[in-house]
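Top to bottom, those sequences are chains F and H. To convert, take the position in the first sequence, counting from 1, and add 582; that gives the working numbering. To convert, take the position in the second sequence, counting from 1, and add 582; that gives the working numbering.
The hints are simulated quantities; they were obtained by calculation from the structure and are not laboratory data. Hints should not be assumed to be uniformly reliable.
Treat identical chains as interchangeable: a pair holds within one or across any two.
Said to hold, decoys possible - When the alpha-carbon atoms are kept at most 20 Å apart in a straight line, the in silico DMTMM-like pairs for lysine to aspartate or glutamate are as follows:
hint	residue 1	residue 2
1	K896	D791
2	K607	D885
3	K924	D939
4	K896	E930
5	K632	D808
6	K756	D769
The primary structure of each chain is shown beneath.
There are 2 protein chains.
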Amino acid sequence: MALIAPSRRIRRTPFSDGVEAAGVKGYTVYNHMLLPTVFHSVTEDYRHLKSQVQIWDVSCERQVELRGPDAARLMQILTPRDLRAMLPGQCFYVPIVDETGGMLNDPVAVKLADDRYWISIADSDLLLWVKGIANGYRLDVLIDEPDVSPLAIQGPLADELAARVFGDAIRDVKFFRYGIFSFAGRDIVIARSGYSKQGGFEIYLPDSDLGMPMWNALMEAGRDLDVRAGCPNIIERIEGGLLSYGNDMTRENTPHECGLGRFCSTETAIGCIGRDALLRVAKEGPVRQVRPLSISGDLPPCDRLWRVMAEGEKVGHVSSAAWSPDFETNVAIGMVRMTHWKPGTRLEVETPDGMRDATVEAKFWN
Amino acid sequence: MALIAPSRRIRRTPFSDGVEAAGVKGYTVYNHMLLPTVFHSVTEDYRHLKSQVQIWDVSCERQVELRGPDAARLMQILTPRDLRAMLPGQCFYVPIVDETGGMLNDPVAVKLADDRYWISIADSDLLLWVKGIANGYRLDVLIDEPDVSPLAIQGPLADELAARVFGDAIRDVKFFRYGIFSFAGRDIVIARSGYSKQGGFEIYLPDSDLGMPMWNALMEAGRDLDVRAGCPNIIERIEGGLLSYGNDMTRENTPHECGLGRFCSTETAIGCIGRDALLRVAKEGPVRQVRPLSISGDLPPCDRLWRVMAEGEKVGHVSSAAWSPDFETNVAIGMVRMTHWKPGTRLEVETPDGMRDATVEAKFWN
Chain F
583 MALIAPSRRI RRTPFSDGVE AAGVKGYTVY NHMLLPTVFH SVTEDYRHLK
633 SQVQIWDVSC ERQVELRGPD AARLMQILTP RDLRAMLPGQ CFYVPIVDET
683 GGMLNDPVAV KLADDRYWIS IADSDLLLWV KGIANGYRLD VLIDEPDVSP
733 LAIQGPLADE LAARVFGDAI RDVKFFRYGI FSFAGRDIVI ARSGYSKQGG
783 FEIYLPDSDL GMPMWNALME AGRDLDVRAG CPNIIERIEG GLLSYGNDMT
833 RENTPHECGL GRFCSTETAI GCIGRDALLR VAKEGPVRQV RPLSISGDLP
883 PCDRLWRVMA EGEKVGHVSS AAWSPDFETN VAIGMVRMTH WKPGTRLEVE
933 TPDGMRDATV EAKFWN
Chain H
583 MALIAPSRRI RRTPFSDGVE AAGVKGYTVY NHMLLPTVFH SVTEDYRHLK
633 SQVQIWDVSC ERQVELRGPD AARLMQILTP RDLRAMLPGQ CFYVPIVDET
683 GGMLNDPVAV KLADDRYWIS IADSDLLLWV KGIANGYRLD VLIDEPDVSP
733 LAIQGPLADE LAARVFGDAI RDVKFFRYGI FSFAGRDIVI ARSGYSKQGG
783 FEIYLPDSDL GMPMWNALME AGRDLDVRAG CPNIIERIEG GLLSYGNDMT
833 RENTPHECGL GRFCSTETAI GCIGRDALLR VAKEGPVRQV RPLSISGDLP
883 PCDRLWRVMA EGEKVGHVSS AAWSPDFETN VAIGMVRMTH WKPGTRLEVE
933 TPDGMRDATV EAKFWN
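With the rest of the complex left out, here is chain F:
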């Protein structure tokens, strides 16, 4: 690993001072913003996440705000998921595709009102796509990136910590729903969601100036819970089958290849971009798809695609991999051709350090 050079272009967040004080050791860049990747060690962070509670600076999940009379229409143009039943208070995971059905982002849409949405984005400048479409379709809608920075509370003790700061009512917020809670005299959207399988919340901090007060309030309130600064953990997210845009899927892939077919109601999502392309995929099914793979032996960091081979022929690739202490194997996410995706299939993975044996698993580990 090399050092990351500081510049305004790699944006700091409202919580960066707290992240630095907590001794962040590694970063990645996500939506032109700093995203921590390790505090103690990836393995120690993993153990702590699975047993206690962590505060994550995920400000890099930037919001694209849609506001105005055509906001709902635009939202449906953007995704093959049928949004007719979506109500304010709900969060929907919405694949966003181009006219060929290729994934542009896999964000969470937050419906604030009938004429107002946030799209909480993965790592691509979806703002530019949404603005381009709105401009080309001449829709009456304002699109902007507001000063809203998500802060996640994740881990088994997340409910306890959140209740101490926001009141017991937060325990009743259902999965992928949000409530409005008060902090420092401000109304704040807090959803039960997050990029781990350990449970928790995402606080949509509405004003950068509230960043460190919020960070400090959570750290204070959770002292006896051993609350720590944390971040999305590569081991835990692979175990849980949480895909990462740019790693496990790109514009090359359809939602169906990514196992996201259940979020595509292509028949009824009238007017959505990519509908023509996806109708056929939805009917025939994809010829390759995301699969959990276990891999044996020592592995280097997965910083590029590794080819997956069967009898000397390429049948897929691995895009994410890490050693899992809990499952005592290398857990991995791959894209595998139909001919070789049956659980139990033995394959080989071509890593920069040599060939490794791999097995297609029936499901993700957690």
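Please build the complex by placing chain H on the supplied structure of chain F, with the hints as guidance.
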């Protein structure tokens, strides 16, 4: 500085093996790709760049390719620069703005044919904007990111090195023009351009598999010229007044604020997005504009905007700054209000390490 975590999402380049072998010490992330920032030290790299010749892995200048009958029409929709006189063989620096006149990118457009362009982009996913506009306007044009990775030759000895590898004809290529040159039996676009003021070329490598052969051929041919791996240098680019998208300008800024008014022919660039907004700006002029500033005292790295103050009032900000050994001052790029932008004006800059005296300069240093 913290470490950068490896992942496929932060893409390697066709030259990464060469960059690593040359001992890269720092990276930034640019268009979801690794961009080296330092090899020996920023100052040593700077001295070498200004006296010898360097090879830069600027693959992160990704290309957006426009191809088809509506390519030229789309290109003019995208920029307020008048492109009517642009011929194949030419490169044009083209501000790209949204409907409010806010900068989305400041790329170089390369005209390959009447129906084919590359847009060599700065750090934003311009592909998504271009695809969104093409989709909304229902244009007959294919848009994609091809396997084209720029490699720059920069420095006073660039002509000599390029001539050794591509032949003497390359010396005749004029500034912001390109020629087609042969390498390994392939036709390769090479332009006289680059992100320094030291002169040189940008090779548009058309196939990743040619990456290391090209890298090695240049390193071999330049051994007696002391050719080295290099990268855009923050000191040299500030001295030369080369702006950086995301650092010195964002969607908040018009081209006129960035001093790019001369690239906007808003009156004649009929049909371009942002025309309505920019017509007024073009007439009145901006109320704030990019200015070179010299700053006294020790400075931390400029990783966020620093407020520029005059008599306790905010009159601008600094977005890039570095110590210049050649000019023996801190050179900086700022955005300053009209009331305080006259050369010689004394200002104060609020850095994380305290207030510093600053002066508005009449022009950039080089």
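**OP:** Since the copies are identical, ignore which copy is meant and state whether K896 and D791 lie within 20 Å (CA to CA) inside a copy, between copies, both or neither.
**Re:** Close across copies (18 Å), not inside one copy (51 Å); limit 20 Å.
Original post:
Given a CA cutoff of 20 Å, do K896 and E930 count as a within-copy pair, a between-copy pair, both, or neither?
Top reply: within (9 Å within a copy, 61 Å between copies)
**OP:** If the cutoff is 20 Å on CA atoms, where do K756 and D769 land: within, between, both or neither? Let me know, please.
**Re:** within (19 Å within a copy, 59 Å between copies)
**OP:** First find the shortest C-alpha distance between K924 and D939 inside one copy, then the shortest across copies, and answer within, between, both or neither for a cut-off of 20 Å.
**Re:** within (16 Å within a copy, 68 Å between copies)
Original post:
20 Å Cα cut-off: does K632 pair with D808 within a copy, between copies, both or neither?
Top reply: within (12 Å within a copy, 53 Å between copies)
Original post:
Taking 20 Å as the upper bound on the Cα-Cα distance, should K607 and D885 be classified as within, between, both, or neither?
Top reply: both (18 Å within a copy, 18 Å between copies)
Hint check: no violations occur; every hint is consistent with the structure.
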